[in-house]
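Make a model of the complete structure from these sequences and hints.
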Amino acid sequence: MPQVKIIAKNFMDMVASLPAMKLDALYHNTFICEAILRSLPPLAKKYILQMLYIDVPVTAKAMEEWVLADGFSKHRVAIDRLIQLRVFTETSDRKKETSYRLNPTFQTNLQKHLIYGGVLPREPMPSNITVRLPSLDDLEAYALGQWECFLLQLISSTQTEKLTNFSSSMMKVFQRGLLTQREKEAPRLTESGFQFLLMDTNAQLWYIMREYISNSEERGVDPADLISFLLELSFHVTGEAYNINTLTEFQRNTIKDLVDLGLVKLQQGRKESWFIPTKLATNLSMSLSDTSSRKQVVHKTNYLMHSSTAHVLSNHYIA
Amino acid sequence: MAPVPSKLYSDDVSLLVVLLDTNPFFWSTASLPFSKFLSHVLAFLNSILLINQLNQVVVIATGCNSCNFIFDSSSVPANPNLENGRMPALCSNLLQKLEEFVTGDEKLSKEVLAAGIGSSLLSGSLSMALCYIQRVFRTGPLHPQPRILCLQGSPDGPEQYVAVMNAIFSAQRSMVPIDSCVIGAQHSAFLQQASYITGGVYLKPQQLDGLFQYLSTVFATDLHSRRFLQLPKPAGVDFRASCFCHKNTIDMGYICSVCLSIFCKHHKKCSTCGSVFGQAQSDGNSATDRKRKTPET
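Chain order of the listed sequences is A and B. Per this note's numbering, the first sequence starts with residue 1, numbered consecutively. Per this note's numbering, the second sequence starts with residue 320, numbered consecutively.
These aren't lab readings, by the way, just hints derived from the structure by calculation. These numbers come from a predicted model, not from an experiment. All C-beta atoms in this analysis are idealised placements derived from N, C-alpha and C, irrespective of residue type, glycine included. Just so you know, not all the hints are guaranteed correct.
Stated by the list, open to error - Below are the BS3-like pairs computed for lysine-lysine, each with C-alpha atoms no more than 27 angstroms apart in a straight line:
| no. | chain 1 | residue 1 | chain 2 | residue 2 |
| --- | --- | --- | --- | --- |
| 1 | A | K112 | B | K416 |
| 2 | A | K271 | A | K256 |
| 3 | A | K61 | B | K552 |
| 4 | B | K587 | B | K355 |
| 5 | B | K426 | B | K566 |
| 6 | B | K566 | B | K584 |
| 7 | B | K552 | B | K523 |
| 8 | B | K426 | B | K355 |
| 9 | B | K355 | A | K112 |
| 10 | A | K61 | A | K22 |
| 11 | B | K552 | A | K74 |
| 12 | B | K584 | B | K552 |
What the hints assert, rightly or not - If the Cβ cut is set under 7 angstroms, some of the chain B residues that face chain A in the computed set are:
| no. | residue |
| --- | --- |
| 13 | D331 |
| 14 | S366 |
| 15 | S535 |
| 16 | T536 |
This is the structure we're talking about:
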């Protein structure tokens, strides 16, 4: 199913639509640079590597000479994408010739990442403190259980007890487009709603993430901060415990929402508390990339999982 | 020249097997110091791992007397936390193994080479690379696209001709391109043939202190993207062979019509397949008995 490609591309479109200053600020984070790099089409990735140590603008004409006749359309797509994400900055000289060069912030940080590697702003906690850490299998079961709960609440019309901590207004935001919301009528699944249920878990997650981020400004949250945190989270190690006190207040509030989506698990020790990223979180950056053919294998378990979910949910719904 | 058939890949997931020439005789006289060379290569390897989460890099050291694996990005790291500080871990693992290898390889030297640099065991590392790739092929249809990159500085060893050619034909059969980046003073006939026959790229960089730029511009190109990008084409290929009897490089000689083994002078029978040759014609006679090995165009 190509759904992940489309939804994830929309996520990158959303990133691209951030104001220039915000986007530049995002690129100060080397993990964001890596996530963005990986999300690009293969030719664009290549161009970034080639331009990584070139400080002067290269004319568009010169770049076209890199390409064979067969590749011209792919070349255009790559350049457009790079400009859209402000990874390439475009300049015109007096002769009206277009030239490109790498965004200096992106360039410096990627160079550093290449030579020194990326280091997360937090280390996993020592195992003598984090007793009762769930096994990877238990963690995966937990994550999918949380996600199922969320989905159930999402499409339920008659559920009176709250399965998640999301406010009803937040749930309404998620339900927009998926359920009809007419007065004096019970909500029903729309066509898009059915398609949503049939998507694989990662695609559904991206959809929800996109709504969550688009709505963030209304909640007083900077979307760039949210995107930054989510992408950074995807580079953490599944199953490892990270101390809650390494998070900012905004990040701590976000984590609570992420628990309801199954992206992290919270645990409390005697003195410290920590969060554990699940596979749902760490797979986020992988599904950002254009290559969806391989993900068929990775998501095989999700297909089985979601097809039974869809069955359960639509049964619940039709009833 | 007929285009080399290649597999059509739809994405850019790559398995890059790098053959690293560690011949100390070559490196002691090279224009680029080994440490600088390594820093270019390590940055390049990291860039390959950076651009796709599923990419895999394997490094095989080509020594004078032995070859061995010194790095495999897919092997489970001892400490999973190092995954995030990937570069330091990559560096330290690789460099440690490299040092162990070079020390071990040196101990295997039985005599000091009289003169010249001597060659490194390219045939050995090529074979190891191809065996590794065969195993990857057998993991199923969803495997990364494999290619080999030879970073070679030592001159060709004519005594390795047969082994190298066998490896090249094996790579051709499996459709594994062999890229060559020659950092020595002279061109390599072996590698020119290897890249030509397997559809890889052969390059002898002009300015070695810009090595990373050559690597990232030419050799970082995945097999899917090669259909769309201009890459260096060979100007001419040195097709000279070595005779099977003395391992000397020759461009005219005798060929067994049964198994195509090459000899520099007339023998009574073929040492490879045992076929008996006919009466020797004296030199100066018609050229029908003498077959010249020429490049097929």
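To see whether the hints hold, each was checked on the structure:
no., hint, verdict
1, A:K112 x B:K416, "holds (25 angstroms)"
2, A:K271 x A:K256, "holds (19 angstroms)"
3, A:K61 x B:K552, "holds (21 angstroms)"
4, B:K587 x B:K355, "violated (53 angstroms)"
5, B:K426 x B:K566, "holds (26 angstroms)"
6, B:K566 x B:K584, "holds (12 angstroms)"
7, B:K552 x B:K523, "holds (12 angstroms)"
8, B:K426 x B:K355, "holds (25 angstroms)"
9, B:K355 x A:K112, "holds (17 angstroms)"
10, A:K61 x A:K22, "violated (30 angstroms)"
11, B:K552 x A:K74, "holds (22 angstroms)"
12, B:K584 x B:K552, "violated (35 angstroms)"
13, D331, "holds (4 angstroms)"
14, S366, "holds (6 angstroms)"
15, S535, "holds (4 angstroms)"
16, T536, "holds (5 angstroms)"
In the structure shown, a violation is registered for the earlier hints numbered 4, 10 and 12, in ascending order.
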